[in-house]
Amino acid sequence: MVPAPDRRRGDSCRVAPVSHQYSHTSSRFPARIQTNAAVYRLQRRQIHVHLLPSGSPLLRRMDPQLLIVFAILGLTVTLIVTEAFRIDVVAILAMLSLVWAGSITPEQARSGFSSNAVFAIIAVMIMGRGLYKSGITERIANFILQIAGAGRRQIISTVSVTVGLMSGLMQNLGGRRSLPSRHDRHLEAGTDFHL
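In terms of the UniProt record's numbering, the sequence shown opens at residue 1 and continues consecutively.
Just so you know, these hints were derived from the structure itself, not from any lab.
These numbers were taken from a predicted model, which means no experiment stands behind them.
Possibly wrong hints are sitting among the right ones.
Said to hold, decoys possible - Simulated restraints, written as ranges between beta carbons of each label pair:
1) ARG86 x ALA120: 54 to 60 Å
2) ILE104 x ALA150: 45 to 51 Å
3) ILE104 x GLU83: 22 to 28 Å
4) TRP100 x GLY149: 48 to 54 Å
5) LEU73 x LYS133: 31 to 37 Å
6) ARG110 x GLY149: 24 to 30 Å
7) PHE113 x MET62: 29 to 35 Å
8) ARG61 x ALA150: 30 to 36 Å
9) ARG86 x GLY112: 46 to 52 Å
10) GLU83 x ALA120: 21 to 27 Å
Using N, Cα and C, we set each Cβ at its ideal position, and we do this for glycine too.
Could you build all of it, start to finish, from the sequences and the hints given here?
This is the structure we're talking about:
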């Protein structure tokens, strides 16, 4: 096994600029540096430092259609995280964007609706919204808050146990969507939300 470079002996290791190769020779430790992958390796007193820079050959060889898919995926994740639109609207827009970009065919887009999981999520969202509109989830939320008290940890643990029990009986998305969040309640009241 080859020893690692020792800076006390004068050995050195420097990273080359992007897309350039050069040799840096120390008095005791010659190192040929290359920058084109994401691995560090040490072989026979040569250090090969591999990075993935922005102008790498991998990105230049990448199919433009793949870049479009990554852009749509990034935008979809951003819209879901920021909650700029409802999650079902974002999902439909993402699917339509992939069809419009030519990444998938309309038949492939429609085939996603043949999955049982998709219909289960749609049904759970409809049922959760119905329970929310009827006021049942409000009663459940008030009961949970009475049990938990006003402490942050008690509220988190009580809600976690409740959702955990509910997720054993229904889809996980339904367990989250059937309980109104404190954030939703503060939005309706027009007050600031801080947990």
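> Does the structure break any of the earlier hints, and which numbers would those be?
Replying inline: 1, 6, 8 and 9
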